[in-house]
Amino acid sequence: MVSATESSRDPRLAVEVAGIRFHNPILTASGCCGYGLEFEPLFDLSRIGGICTKGLSAKPLQGNPPPRIQETPAGMLNAIGLQNIGARAFMEQKLPRLRDYDVRVLTNVFGYTVDDYVEAIHMLNDGDGIDGYELNISCPNVKEGGLIIGNDPRAAAEVTEAVKRVAKRPVIVKLSPNISDVAGMARALESAGADALSLINTLVGVSIDIHTRRPRIANVTGGLSGPAIRPVAVRMVWQAAGAVKIPLVGIGGIATAEDAVEFLIAGATAVQIGTASFYDPLATVKAVDGLSAYLDKTGVASVSELTGSIDLSPPPRGH
Amino acid sequence: MVSATESSRDPRLAVEVAGIRFHNPILTASGCCGYGLEFEPLFDLSRIGGICTKGLSAKPLQGNPPPRIQETPAGMLNAIGLQNIGARAFMEQKLPRLRDYDVRVLTNVFGYTVDDYVEAIHMLNDGDGIDGYELNISCPNVKEGGLIIGNDPRAAAEVTEAVKRVAKRPVIVKLSPNISDVAGMARALESAGADALSLINTLVGVSIDIHTRRPRIANVTGGLSGPAIRPVAVRMVWQAAGAVKIPLVGIGGIATAEDAVEFLIAGATAVQIGTASFYDPLATVKAVDGLSAYLDKTGVASVSELTGSIDLSPPPRGH
Amino acid sequence: MKDLVGTVEFNRQLAPRYFHIRLRLPEAVGVLSGQFAMLRPQGLVEPILRRALAIHRADADAVEFIYLVLGRGLEALTRVREGENVDVLLPLGNTYPTDAVTLEGRRALLVAGGVGSPALFMLAGDLVAKGADVRVYFGGRTKFDLPALDEFEALGCPVTVTTDDGSAGERGFVTAPLERDLVADAGPNGSVIYTCGPWPMMARVGAIAAERGARCFVSLEASMACGFGICVACVVEVCEGSFAPPFKYQKVCTEGPVFPAEAIVW
Amino acid sequence: MKDLVGTVEFNRQLAPRYFHIRLRLPEAVGVLSGQFAMLRPQGLVEPILRRALAIHRADADAVEFIYLVLGRGLEALTRVREGENVDVLLPLGNTYPTDAVTLEGRRALLVAGGVGSPALFMLAGDLVAKGADVRVYFGGRTKFDLPALDEFEALGCPVTVTTDDGSAGERGFVTAPLERDLVADAGPNGSVIYTCGPWPMMARVGAIAAERGARCFVSLEASMACGFGICVACVVEVCEGSFAPPFKYQKVCTEGPVFPAEAIVW
Ligand SMILES: Cc1cc2nc3c(=O)[nH]c(=O)nc-3n(C[C@H](O)[C@H](O)[C@H](O)COP(=O)(O)OP(=O)(O)OC[C@H]3O[C@@H](n4cnc5c(N)ncnc54)[C@H](O)[C@@H]3O)c2cc1C
Ligand SMILES: Cc1cc2nc3c(=O)[nH]c(=O)nc-3n(C[C@H](O)[C@H](O)[C@H](O)COP(=O)(O)OP(=O)(O)OC[C@H]3O[C@@H](n4cnc5c(N)ncnc54)[C@H](O)[C@@H]3O)c2cc1C
Ligand SMILES: Cc1cc2nc3c(=O)[nH]c(=O)nc-3n(C[C@H](O)[C@H](O)[C@H](O)COP(=O)(O)O)c2cc1C
Ligand SMILES: Cc1cc2nc3c(=O)[nH]c(=O)nc-3n(C[C@H](O)[C@H](O)[C@H](O)COP(=O)(O)O)c2cc1C
Ligand code: FES
Ligand code: FES
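Chains as they are written, first to last, in my numbering: chain A, 1 to 319; chain B, 320 to 638; chain C, 639 to 904; chain D, 905 to 1170.
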């Protein structure tokens, strides 16, 4: 497939996050694009800003038993259990083919202990064609007896500092939404050295089949994603934007260019599209084109002008 | 209007929460039924288990400027700002008419300081026809500089203890979902003397108009409710059920008897229907009838057998 | 107020984005001019909320609405076909005070802006039927924004049309002929103005009425979740003293949608 | 794999809850027997996810599906009318291995349970066209659960029908005549069994095949969010050694939906 050339790109869409230059602010979200290559038959990967891989661990993982998903109103629950081929296999089998495209590659990384993260980052440091790391800190902390690392600012900062010490590439830390104080968490991660923050991961949810009385997800709890959670995600981006100076990547229920613009206005510099790619596999490329159309229509010079441009003056009457 | 008589009631639906006997487990949620009387033209209030009033404060409140609501995918945001006529006016103007019905009345109460709560409860203690109190602790704590009382177990326990000292009626404390540790919060409130817990209140969200770049809610943030949040609510009920012995009232996205059953199975003894009454004003009475139909179909003897009956054994294969 | 299942008799397009729907009701419902309904195609899952529409016409067992599609709620309504069902809560809200016209013999000036017109159509019909002196001022952005203009014209009262782009009637705002006629008409009995349309238009009409000392009633819109007073979403800020304490915010769905213009903080 | 907009040519009811839809595609798509598609009425907001349906028939520029409505996704599909659009991602998944039939001359036994039959219909047609010895065993709960039975019968190969309630064909499970015939047939070349239907039925068919030493391929269903490998939701547990390491869970949408029966942990 012939890749999108510089000339076919809309320069108004270029953004920089954590020192990484993206052609446009539309990325795939982790766990919602496989390793990126699954989209090859559908569109030229060079057309989107970036790919954020399925969460990678130092060793391959089997994941959870099925059923792993359940549809919910305007959303879905998932408990995939981070099934992945492992960092090593990713670098050997997937990364070389991703290098055929002019698209930024973020590897999403997770672990149950600080050492898990460090080990995976050590491996990935050798990967040619990786542009940055995204840390998924929404995993149960096995050391602390299953408390979620991402719900505890101290634990999250500890992971971030440890990773920053070894990482040869920029580190984006991905926030859990299951917390009461987003601003405090964002500040803790900024102080710990995070180059950028991405948010939000999924909200924890449960769905029960009233006929069998069994949870509809084998793991009992699952992560809620999709349009249903968009208002929560916009709120958290807005709160984080008010708390830190490092750039933000907005995630949560984004399906269209209009949704992406909402996150940019709230304070994000780039966005990731997750669940929408399941039901609209071309959602990312459509959003890229839609952003250009939005700029045309509104006369805004570039997407970066949108970032944080929320207008908090009182609304006119009669609304 | 002639009230539902004992004989027209399904005895299998009766439940007890915090020492209060409800004819059935279907209540209206606070802020989604006015003061109950608004439903008079539509159905006989004695047909439902209970009414939980709009949040009452010691003094009347003006509420927020409009716009106060915005529809979102499978849900809505609201920031009414707790506009209410005040505890005194409620007792004088509304309560006497509610006494015409054989329906349990919970008054939802809120404040910005411990004293606010105590003052309102003192007033309501004189109200003839009130069966219990529900404490809304999702308000910003003005003393602590705007931190939400309901997000902090210590502050929430303090309010609960103070209210329990003066309350002449059972106290149900309503949990905020914007917290990371539901179980811990539930335990703190149980220890503080709460007679029951109700959950969940709304998730904090933001929606931005991408054309004006203004928040779609004048208050900027609003509370997300409706079917979109149901999986989060079921999860929290399930987690709270595992943490405490006091009964739970499930709330969040419930629109039908089937939804109510899901919350009972997760661990609730009763439920409240909120947002659904806006788009289906008969949702509560339909749910009461639907519960009887569910018992008929499944042969379950009473709704109280459903409470906490979730089956966590591994699912059969092939799903 | 009843929550009924209406069956579509017709649901036809009038102009780009404007539709006219007629629902047969399972029982008779008494409707007053200015009242509205909350509608949703039966079984619709998304969007969840019903939409508020003024009752354009009411027969013994049927109601009609004229609607402008702005988003996906009314878009979904356009897809409902003859024989299919719509959940409809009605009648809702208050009505227009008309004693000054029917008893005191004042002239009624009805000022409609675009899709504000359905909220005034029953009023126009009622007043004409009672032999009142009714004049209609109907403004729209273009000739396509004058929904059911023909129905107003068929009532037999004078109808003055304006469009912002001059594609029908006078070019300009509907407040221009209103002001002209109010000056020309200023007689002992005066006029009563009834208006429904975009907020800035109603604000201007209210101001004109205040300047001329004419009474003025406005029919407001607001974001509504329930339409019958349980959500407290649909508020409008009112002037001190215009309503009994304690609230400066009044609910459009139950205290309105019709308010005296001077009660509103424009 | 392409994401196309199909236009409904027909969408008709076959039996209570069973429908048959035909979509004209804007371009030709090569489809192999056993492949499937992910569908959603265009513009549908709720439910969000597409639904997986086996491709029942494929022409140069059209595809057909037969579906059983279980919930609100396929319910929404029933409301799409002639001329309206459906988003359709196809073709997805692998195909049935048929060399043992077409090259080695073994007999093909196709065992369909209810709405599992569409996943076998193209296979039946292909094998019959190649002159293979094909026998179809079609079981349903009642005579209403034998969708497109007439289309199988029109292929000209023998079709044995069973229903749980005896309302059509033999009373009982479809595995009864299968077992009978397998015993009767036990010849040097043996048979290859292809099956699609409820999990317990396929498990039993797999066990029968294993006992008799017949090869058996099953076409599985699983909860799918995407249908093309990006969500990792649709997994099935496979036996050690049946697939290359490291996974004991294989994706039904990309590694399947067709698996050798012996690879599955039933
Ligand atoms: C008492 C009352 C009577 C009404 N009578 C009529 C009538 O007879 N005919 C008619 O066409 N409409 C009438 N309306 C307005 C109508 O309710 C809204 O236009 C409708 O809810 C929009 O629904 P939607 O699904 O098309 O758009 P939505 O998806 O709800 O909204 C789409 C866009 O339009 C904006 N919007 C929504 N509601 C309004 C509004 N009220 N005013 C301005 N912008 C809005 C939203 O912010 C959004 O940007 C009335 C409203 C009220 C309160
Ligand atoms: C590869 C593949 C091919 C398929 N081919 C066909 C086909 O040709 N014709 C056909 O009718 N169906 C087929 N299915 C099954 C079909 O995808 C589901 O039945 C459909 O998604 C249900 O959608 P719904 O909106 O009707 O129900 P939903 O709202 O999705 O579900 C309603 C209820 O059914 C249950 N349910 C959902 N999916 C399944 C399932 N797969 N099996 C059992 N219970 C389920 C849910 O848990 C829920 O309780 C196929 C599935 C796969 C994976
Ligand atoms: C099936 C699925 C798998 C996911 N896997 C991961 C993962 O491996 N790592 C991670 O950080 N987030 C993962 N996520 C979370 C998404 O990246 C994203 O943060 C979340 O789904 C919200 O965005 P959305 O609403 O656009 O899907 C996953 C989400 C889904 C739905
Ligand atoms: C418009 C509106 C007003 C509300 N007002 C209150 C309130 O005054 N006190 C309170 O405790 N909860 C209030 N709530 C929260 C509801 O009682 C309920 O907890 C929440 O909406 C979730 O339930 P639902 O999804 O069924 O609406 C309000 C909710 C809405 C939508
Ligand atoms: S619309 Fe709910 S109170 Fe007016
Ligand atoms: S359905 Fe998404 S990976 Fe198979």
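Be careful, since some hints might not be right.
Within a straight-line C-alpha distance of at most 25 Å, the following computed DSS-like cross-link-like pairs (lysine-lysine) qualify [what the hints assert, rightly or not]:
| # | chain 1 | residue 1 | chain 2 | residue 2 |
| --- | --- | --- | --- | --- |
| 1 | B | K378 | B | K487 |
| 2 | D | K1152 | A | K59 |
| 3 | A | K286 | D | K1152 |
| 4 | A | K286 | A | K297 |
| 5 | B | K605 | B | K487 |
| 6 | B | K605 | C | K781 |
| 7 | B | K487 | B | K616 |
| 8 | C | K886 | B | K378 |
| 9 | A | K297 | A | K168 |
| 10 | B | K616 | B | K605 |
| 11 | B | K616 | B | K483 |
| 12 | A | K168 | A | K286 |
Simulated from the structure, these hints should not be mistaken for lab results.
Hint-by-hint comparison with the structure:
1. K378(B) to K487(B): holds (20 Å)
2. K1152(D) to K59(A): holds (15 Å)
3. K286(A) to K1152(D): Outside the cut-off at roughly 36 Å; violated.
4. K286(A) to K297(A): holds (16 Å)
5. K605(B) to K487(B): violated (33 Å)
6. K605(B) to K781(C): violated (46 Å)
7. K487(B) to K616(B): violated (41 Å)
8. K886(C) to K378(B): Holds, at roughly 15 Å.
9. K297(A) to K168(A): Violated: K297(A) and K168(A) sit about 41 Å apart, past 25 Å.
10. K616(B) to K605(B): Distance ~16 Å between K616(B) and K605(B) Cα, so the pair holds.
11. K616(B) to K483(B): Roughly 41 Å separates the two Cα atoms, so the pair is violated.
12. K168(A) to K286(A): violated (33 Å)
The structure fails to meet hints 3, 5, 6, 7, 9, 11 and 12 from the earlier list, while all remaining hints are met.
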